[in-house]
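Asks: Protein chains in written order, with this note's numbering: chain A, 33 to 104; chain B, 586 to 965.
The set of hints was computed from the structure by calculation and includes no laboratory data. A portion of the hints provided could be inaccurate.
Unchecked claim - Cβ-Cβ distance ranges computed for the label pairs, FRET-style: (1) S56(A) - E944(B): 56 to 62 Å; (2) L912(B) - S56(A): 32 to 38 Å; (3) W874(B) - S56(A): 36 to 42 Å; (4) S56(A) - Y712(B): 40 to 46 Å; (5) S56(A) - K612(B): 51 to 57 Å; (6) E762(B) - S56(A): 21 to 27 Å; (7) S56(A) - D964(B): 27 to 33 Å; (8) S56(A) - S623(B): 29 to 35 Å; (9) S56(A) - S950(B): 51 to 57 Å; (10) P759(B) - S56(A): 57 to 63 Å; (11) S56(A) - S710(B): 35 to 41 Å; (12) N955(B) - S56(A): 42 to 48 Å; (13) K746(B) - S56(A): 16 to 22 Å.
Note that the structure is a prediction, hence the values are computed from the model and not measured. Cβ coordinates follow ideal geometry from the N, Cα and C atoms, glycine included.
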Amino acid sequence: MKKLMLQQLCLLGTLFFAGCTHVSPYEKEVLASQNMLSNPMPEQAAFASHVYQIREGTSGAENGFQGGCGCK
Amino acid sequence: MQIVLRVLLISLSFVILPFKLMAEGIKDQMTVSFDYYSDNVDVEVYSPLVALTKRLSEHWGINASFRADAISAASMRNGNGKVKDGVIVDAVSGASGRYGFDDFRVAPTVSLMYEEGDFSANFGSYYSNEVDYDALAGFGSLTYGFNDANTIISIGGSYEKAKWSPTTNRVLYPTDEKTQTQGNASVMQLINPTSYVQLRFSYTYQDGFLASPYHYLVNDTIAQFDRYPESRKAYATALQYVSQVAEDVSINLEYRYYDDDWDMQSHTVTGKVFYNVMDNLMLGASARWYNQSKASFVKNLNEYNYDDAYIVSDYRLTDLETRGAGLSLSYRPGFIEDENILIKMSYDWYETDDNAYIENWYGKSKIEANMATIALIYDF
Numbered sequence: 033m034k035k036l037m038l039q040q041l042c043l044l045g046t047l048f049f050a051g052c053t054h055v056s057p058y059e060k061e062v063l064a065s066q067n068m069l070s071n072p073m074p075e076q077a078a079f080a081s082h083v084y085q086i087r088e089g090t091s092g093a094e095n096g097f098q099g100g101c102g103c104k
Numbered sequence: 586m587q588i589v590l591r592v593l594l595i596s597l598s599f600v601i602l603p604f605k606l607m608a609e610g611i612k613d614q615m616t617v618s619f620d621y622y623s624d625n626v627d628v629e630v631y632s633p634l635v636a637l638t639k640r641l642s643e644h645w646g647i648n649a650s651f652r653a654d655a656i657s658a659a660s661m662r663n664g665n666g667k668v669k670d671g672v673i674v675d676a677v678s679g680a681s682g683r684y685g686f687d688d689f690r691v692a693p694t695v696s697l698m699y700e701e702g703d704f705s706a707n708f709g710s711y712y713s714n715e716v717d718y719d720a721l722a723g724f725g726s727l728t729y730g731f732n733d734a735n736t737i738i739s740i741g742g743s744y745e746k747a748k749w750s751p752t753t754n755r756v757l758y759p760t761d762e763k764t765q766t767q768g769n770a771s772v773m774q775l776i777n778p779t780s781y782v783q784l785r786f787s788y789t790y791q792d793g794f795l796a797s798p799y800h801y802l803v804n805d806t807i808a809q810f811d812r813y814p815e816s817r818k819a820y821a822t823a824l825q826y827v828s829q830v831a832e833d834v835s836i837n838l839e840y841r842y843y844d845d846d847w848d849m850q851s852h853t854v855t856g857k858v859f860y861n862v863m864d865n866l867m868l869g870a871s872a873r874w875y876n877q878s879k880a881s882f883v884k885n886l887n888e889y890n891y892d893d894a895y896i897v898s899d900y901r902l903t904d905l906e907t908r909g910a911g912l913s914l915s916y917r918p919g920f921i922e923d924e925n926i927l928i929k930m931s932y933d934w935y936e937t938d939d940n941a942y943i944e945n946w947y948g949k950s951k952i953e954a955n956m957a958t959i960a961l962i963y964d965f
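All chains, full assembly: derive it from the sequences and hints.
Replies: Put into structure tokens, the structure is as follows:
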């Protein structure tokens, strides 16, 4: 129940921004720069994420698909 | 401007897509990277990757990659030389299960991409082979942006089937197979011209032989291999916030909450800062904190007995806290004609807290690791 409430709260918060803002295409210059990507260093992130999956007991909601290996 | 929008759309569509494509979009590109991992429990991994992305037509593209993991100096400490009834139990590698100095994993991935306007799709397959484990997976995702790409939603899923072949010739009961089904969804929302949030959900269901076939527990009462439940359902939610906080400086903050039916919960907080020093040079720094609670069936090592349905010697199911920090660099050499080569380098440090299960298995109170990545990306 707590988990469901957290997800719903986050979703509502995100949709709130959808309802009250609009960024026009000509205003997106900053958003398109490399340091504004959600994952500016994807090669590092992919490897680090793989290590975390091996060294820790939980994973999920990552920035991409990671195939399994026997070490997980 | 349409190109900028398309780059933004693709770059912000996360779910299931291979990492490189999420950041770069569909364009002709070749990536060669090399990852290195080393820790204080004598596991060392060299992991080269070659990836090629080719636009096939106006809407279609293909990506193929090949990764290899070479694992050396596998620790003979693992298992900590436990003796039961006068017999020394086999020592094995913590990385993959094979003892000795050379273990090798190959992992090819192929995916097809489609994009048209604000819509994109990606479908692919992944295969992983190592000496004691084979896995085959299919994955796919759909992404759609609306309201001038102020909002981007994505859904995806994957299915993976794996089979164990333990090097110790142990027969696994009741099955030597493991499957994993995962569903993902994400919503990205622009807040203003310099910031956005993204919300991600995932649901994961695993069944089959979920323990490591090598981990075993030896105490005053028993000598038994690890036994886990044969299924696991997990939910994870992540909220990410990206914002430009000063000219050429951005912050990237993320919180993730995890919960599963083994009664494990975890919290992950990640913070990153990126600075565009020059047009062709970006520096980054990051920090990460992770905390998990133990599975409901985990007991103290010396409390297990023959009546227990489940036995755990693997520290990854116990109360655990980890932390890490990293530095990164991205450089596009201006002296190269067309400036079509990007060089990326990173270093990460990582450690766990002191843990009795780590001490029991590895003979060290905690794990300390170093990771490094160097990548060369060529647009052609």
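Asks: Honestly, do S56(A) and S623(B) meet the 29 to 35 Å range at C-beta?
Replies: violated, 49 Å
Asks: Taking the CB of W874(B) and the CB of S56(A), does the distance hold inside 36 to 42 Å?
Replies: holds, 37 Å
Asks: Is the hinted range of 42 to 48 Å satisfied by the C-beta distance from N955(B) to S56(A)?
Replies: holds, 45 Å
Asks: Has the hinted range 40 to 46 Å been met by the Cβ atoms of S56(A) and Y712(B)?
Replies: holds, 44 Å
Asks: At the C-beta level, are S56(A) and S950(B) separated by a distance inside 51 to 57 Å?
Replies: The hinted range 51 to 57 Å holds for S56(A) and S950(B), with Cβ atoms some 56 Å apart.
Asks: Assuming the hint says 16 to 22 Å, is it satisfied by the Cβ distance from K746(B) to S56(A) or not?
Replies: violated, 47 Å
Asks: Hint says 35 to 41 Å; check whether the CB-CB distance for S56(A) and S710(B) agrees.
Replies: holds, 39 Å
Asks: Tell me if the beta carbons of P759(B) and S56(A) are separated by a distance inside 57 to 63 Å.
Replies: Once the Cβ atoms are compared, 59 Å apart, the range 57 to 63 Å for S56(A) and P759(B) holds.
Asks: Could you tell me whether the CB distance from S56(A) to D964(B) stays inside 27 to 33 Å?
Replies: Since the Cβ atoms of S56(A) and D964(B) sit about 29 Å apart, the hinted range of 27 to 33 Å holds.
Asks: Given the hint of 51 to 57 Å, check if S56(A) and K612(B) actually sit that far apart at their C-beta atoms.
Replies: violated, 25 Å
Asks: Can you let me know if the beta-carbon spacing of E762(B) and S56(A) is within 21 to 27 Å?
Replies: violated, 52 Å
Asks: Given the range 56 to 62 Å, decide if the beta-carbon distance of S56(A) to E944(B) lies inside it.
Replies: Cβ of S56(A) to Cβ of E944(B): about 58 Å, so the range 56 to 62 Å holds.
Consistency note: the structure conflicts with the earlier hints numbered 5, 6, 8, 13.
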